[in-house]
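Heads up: the protein sequence lines correspond to chains A, B and C, in order. So the working numbering is basically just the index in the first sequence, starting at one, shifted up by 32. So the working numbering is basically just the index in the second sequence, starting at one, shifted up by 133. So the working numbering is basically just the index in the third sequence, starting at one, shifted up by 24.
Treat the hints as calculated values from the structure; they're not laboratory data. You may find that some hints are simply not true.
Claimed, not checked - Now the stretches of chain C that chain A is said to cover, found in silico as 3 or more residues with beta-carbon under 8 Å:
#1 133-139
#2 152-158
#3 206-219
#4 268-277
Said to hold, decoys possible - Within a straight-line C-alpha distance of at most 25 Å, the following computed DMTMM-like cross-link-like pairs (lysine to aspartate or glutamate) qualify:
#5 A/K317 to C/D162
#6 A/K274 to C/D204
#7 C/K122 to B/E204
#8 B/K279 to C/D204
#9 C/K122 to B/E201
#10 A/K211 to C/E157
#11 A/K420 to C/D162
#12 C/K122 to B/D367
Where is the CB? At the ideal position from N, CA and C, for every residue including glycine.
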Amino acid sequence: MHGNNPLKVLAPADAVPWISRRALLGGFGVVGLSIAASAGLSGCGRSQGFAASAVPNGEVGNQLNVYSWGDYEDPEDIADFEATGVRVQLDSFGSNEELIAKLAATRGTSGYDVIVPTGVYIPQMAANGLLQPLEHALIPNMANLDPEYLDQAWDPGNKYSLPKAWGTTGYVYDTRIIKRELTSWQDFLDAASKEAAGKTAVLEDSWEVVAIYLAAKHHDMNTEDPTLLDAAEDYLVNTLAKNIRAFNSTIVSTGIPQGTFALMQAFNGDARQGMLSSSDPERWKFVFPTPTANLWMDNWAVATGTQHPDAAYAFINHMLTPEAALREVQYIGYHTGAKGLKEAALADKMELPDLVFPPHDVLDRLKSAVLNEAQERRVQILNRMESKAGA
Amino acid sequence: MTQQSTLAPPVATEAGSVQVRNVVKRYGTATAVAGVNLDVRSGEFLSLLGPSGCGKTTLLRMIAGFEEPDEGDIVLAGSSVVGVPPHKRPVNTVFQAYALFPHMSVAENVAYGLRQRRTSRAEIGARVTEALDLVQMGTFATRNPKMLSGGQQQRVALARAIVNRPKVLLLDEPMSALDRKLREEMQLELKLLQRRLGITFVFVTHDQAEALSMSDRIVVMLDGRVQQVGTAEDIYTNPATSFVAGFIGKQNFIAGTVAGNGRLVTADGEIAAADADAAPAGSAVLAAVRAESITVSTVRPDTDVNVVKAAVGAVSFLGETIQYQLTTGSGHELLARVPPLHGELLPAGSTVWCSWAPAHVQVFPNPHPSTGGQ
Amino acid sequence: MSKLSRNSVGVAALAFPTWAYLAFFFIIPVALVLWYSFGFKPDLFTAHDNSVLSLDRYFETADPTFLSTFWNTLQIAGVGTLICLLIGVPFAYWLAVKVPSRWRALLLALVLVPFWTNFLVRTLGWQILLAPEGFLSDALQTMHLTTGPLSILYTRAAVQLGVVYNYLPLMVMPLFVAMDRAGASLREASRDLGANRWRTLWQVTLPLAAPGIASGCLLVFIPLMGDYITASVLGGAQGNMVGQLVANQFNSAQNWALGSAMAVVLMIFILLTVAIVGAVILAVRAVLRHNRRVVMDRTDIESAVIEEAAA
Ligand SMILES: Nc1ncnc2c1ncn2[C@@H]1O[C@H](COP(=O)(O)OP(=O)(O)OP(=O)(O)O)[C@@H](O)[C@H]1O
Ligand SMILES: [Mg+2]
């Protein structure tokens with residue numbers, strides 16, 4: 033099966049997770065997976081030979097190991113939890129592939145208890161025995177979550193995961209350079225070849241970049257139709273690529289205060305972060321573009337082989353309290369899925385709330401990315417764009 | 134091949150003359166050269182002799198152009214060279230450590246100076262061959278200098294300098310790295326070469342035997358000053374100061390006062406000296422007697438002046454001479470170097486008589502009267 | 025066992041620390057990378073598998089992104105090495121030849137000052153400095169030296185600047201050592217023989233510093249080819265370097281097989297580049313030697329061939 037490994041794995045993810053609070057929320061940045069290979073995996077007996085998880089016995093103990101994205105939890109929330117007598121060891125990864133490879137290679141002995149995978153990866157992780165089914169009874173604060181974010185397609189009934197944070201993709205522009213009002217992905221493409229030519233940044237994520245074109249032309253962002261993908265390639269490689277100054281998923285948080293770009297594709301929370309650290313936030317405008325965009329979600333889960341299950345449940349439960357949720361949304365800039373979070377945040381005078389809590393009409397038009405057979409083609413398109421832009 | 138004809142003609146012209154006038158060189162607060170005057174004649178072999186640190190190298194480097202004098206003037210072939218960079222001065226140097234270029238063969242080293250003058254390839258070949266033959270290094274032309282013995286390297290360094298036919302050749306202790314036998318051989322070769330080429334040699338050494346055997350004239354330096362300039366014989370027989378006397382040969386100094394009757398009064402009795410009355414009566418002086426001028430015998434010689442009884446201390450066999458360390462009645466140490474007498478050595482501890490002729494006593498003012506000489 | 029072979033076993037045993045060092049820190053890691061490069065990434069859950077061996081990962085590296093990034097890297101590294109050399113040679117010369125020895129230690133320490141801080145941190149410093157809203161941009165605009173904000177960050181020029189800054193000390197150090205060791209006495213000998221400063225530089229100082237120049241170039245070029253931090257921080261679409269791709273395969277994509285194949289291709293290209301440049305330099309040196317040679321009109325000289333062999 034190695035011989036026809038269908039995916040070229042050249043779309044590099046961000047290599048600098050230290051710059052941004054949240055490196056690759058989109059989740060497809062690296063696409064280091066083979067669809068064909070992983071599709072055939074469930075039958076490979078991968079779940080065999082894993083170290084057994086400890087059974088919860090009501091004793092929380094004094095140690096918990098959390099494996100999450102870099103700088104993705106408010107240290108105050110961690111400190112509050114540690115006040116209950118559990119020492120929290122927090123490690124970070126830079127891509128879902130890194131998380132999965134570490135869990136799979138150690139076969140339950142990684143030592144991690146709580147992990148934070150992105151939604152679309154959860155079915156495969158669960159099928160391969162990397163995730164411990166959740167005991168909902170041990171997480172009473174689940175009740176604080178807005179049902180709108182529960183029971184997602186990738187994890188029906190929240191058997192393995194609970195929402196940790198979600199976000200969407202849009203773009204930011206410099207109103208000093210782009211004086212007109214931009215609202216759609218078509219506007220993005222237009223501005224990129226006019227006012228923002230040579231000053232445009234896109235995410236280094238094949239799904240997201242191809243989605244710009246597909247959404248602009250009102251096609252399904254997850255399409256597998258070869259003619260549509262050919263058209264996307266033609267435009268992206270021959271028209272857009274030469275106007276792009278950077279393919280980088282983390283650059284927005286520094287790019288805005290530094291004023292390096294006029295137009296940046298960005299996740300809403302990262303864009304907000306950049307605007308907050310700008311000396312002149314008014315200069316920048318974030319757009320939830322029409323007609324649609326990606327909606328992604330990161331989730332709390334418990335790793336197979338956990339030796340501190342009680343502490344793990346206690347921790348997740350702690351992070352789902354309304355107080356923790358409010359602190360989290362302020363710190364990371366992404367909605368945690370808690371009920372009434374918007375009202376609480378507004379009451380707390382949170383800055384730039386519109387970027388975290390898009391209006392309902394925006395929420396209604398978002399769609400989730402799907403990892404499908406055309407992923408290889410998307411990676412190829414991004415590769416060709418990068419080589420065109422770098423030439 | 135006629136080396137005589139293609140290298141410099143053996144004519145003493147003004148071209149090879151060097152005049153050093155009131156030259157002073159200071160390094161910070163230390164004065165390396167403190168007002169030197171020197172006239173080097175064209176075609177002359179002149180040695181600079183003096184103890185370590187007396188300023189010989191500094192003087193040479195100023196003539197070559199590596200240092201500029203703080204005061205005074207240096208004149209080469211009639212014109213001042215102060216401010217002229219080294220590569221424009223008509224002098225070449227043979228360095229103390231040879232300074233051969235390690236990335237070039239012997240022939241390329243020798244050709245270096247000619248190439249700077251854009252000499253034609255054919256002429257370079259001819260002159261390099263000639264210069265290497267002159268120092269008997271012709272067969273080593275393609276070698277790397279790192280693979281030569283010290284003496285061979287020195288000859289290459291010499292060839293590299295003379296191939297340029299300089300008016301003046303400066304040599305800074307070129308033989309200090311050689312063993313004694315090789316050094317004596319090279320001294321002879323160098324002297325012959327200099328005669329043949331007629332180049333002015335300014336030769337730095339602190340080996341007095343080397344200076345005496347090779348030079349037309351010797352300059353004795355001390356603390357940045359010239360003590361005496363003269364021929365080897367001059368310097369040996371008529372040293373101008375007690376320092377010069379002590380520096381050349383092995384001297385015994387005996388402190389005394391001038392009596393006024395051709396005699397000096399010393400702790401070991403009176404000493405008769407030929408020029409004892411050059412200094413006023415009563416003044417403190419040093420009497421210098423060379424170790425070679427002292428006769429040692431087991432019986433008292435038949436003379437009543439310049440005889441001292443002494444006990445034999447250390448005895449050393451030096452080859453052509455035997456050196457006795459002797460202690461006089463007053464406790465003064467004397468050194469005597471005598472030819473082996475029937476091959477017999479006087480045993481240590483025996484009592485002997487030392488004597489010397491009044492003509493062999495030189496009298497100098499005592500620079501440190503209170504210490505009673507050296 | 026003959027005496028000779030027993031002896032050679034003894035020598036090998038004596039050299040144990042040397043080859044153990046080489047084995048642990050060079051041969052084993054390189055062999056592992058080579059071995060992984062013939063494997064594959066079987067699935068999302070495994071970084072590499074060598075159960076079936078193939079050259080397929082090498083074909084995957086022949087991707088347009090990899091190749092164009094590779095070409096970029098080669099250019100950045102080549103130009104970077106050249107600029108370091110052009111700055112390093114006069115600076116090292118000045119330091120070794122002109123500066124009084126009591127100032128030398130201080131100046132050398134200053135050259136190394138950037139090394140006192142973390143590589144990433146000082147590169148990030150340039151990001152801040154070069155930003156259009158940054159200090160340098162403001163200063164240039166107030167002095168009316170540029171119109172409009174500085175637009176250099178996230179271009180290849182920024183990467184080029186960053187690598188020169190990051191790697192210059194690695195060039196200056198060996199150059200300084202080589203020029204210092206060549207020594208004042210050989211320069212004086214050259215001046216004494218009629219060469220001016222310029223000719224002395226070309227005929228004596230630089231040829232003697234050649235080993236230092238070579239090691240400086242290697243010390244800059246080889247790590248620069250594998251650098252990914254400078255490009256990640258300062259480069260954009262046009263400043264990509266192949267080290268980023270390799271690092272991504274190992275860190276983020278967790279595809280060790282492809283990452284290894286890329287690393288092997290990178291190593292081969294570095295070796296090839298060094299070999300080609302080395303061959304060109306040797307050829308140039310042979311020509312210079314030929315021009316410098318002395319044709320002597322005699323036959324009793326030791327055979328040049330024997331001498332060359334001995335040297
Ligand atoms: N570059 C320098 N800086 C400071 N002092 C120096 C320098 N060169 C020489 N000197 C000092 O000048 C004095 C004369 O030195 P010079 O080298 O001329 O002595 P020399 O007679 O050649 O001694 P030697 O026989 O040991 O070679 C010495 O005291 C030396 O310390
Ligand atoms: Mg000296």
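We went through each hint and held it up to the structure:
1. 133-139: violated (count 0)
2. 152-158: n = 5 at 8 Å, threshold three: holds.
3. 206-219: n = 0 at 8 Å, threshold three: violated.
4. 268-277: holds (count 8)
5. A/K317 to C/D162: 24 Å, holds
6. A/K274 to C/D204: Not satisfied, since the Cα-Cα distance of roughly 49 Å exceeds 25 Å.
7. C/K122 to B/E204: 24 Å, holds
8. B/K279 to C/D204: 19 Å, holds
9. C/K122 to B/E201: Holds, at roughly 16 Å.
10. A/K211 to C/E157: 19 Å, holds
11. A/K420 to C/D162: With a Cα-Cα distance of about 32 Å, the restraint between A/K420 and C/D162 is violated, given a limit of 25 Å.
12. C/K122 to B/D367: 45 Å, violated
The structure shown violates the earlier hints numbered 1, 3, 6, 11 and 12.
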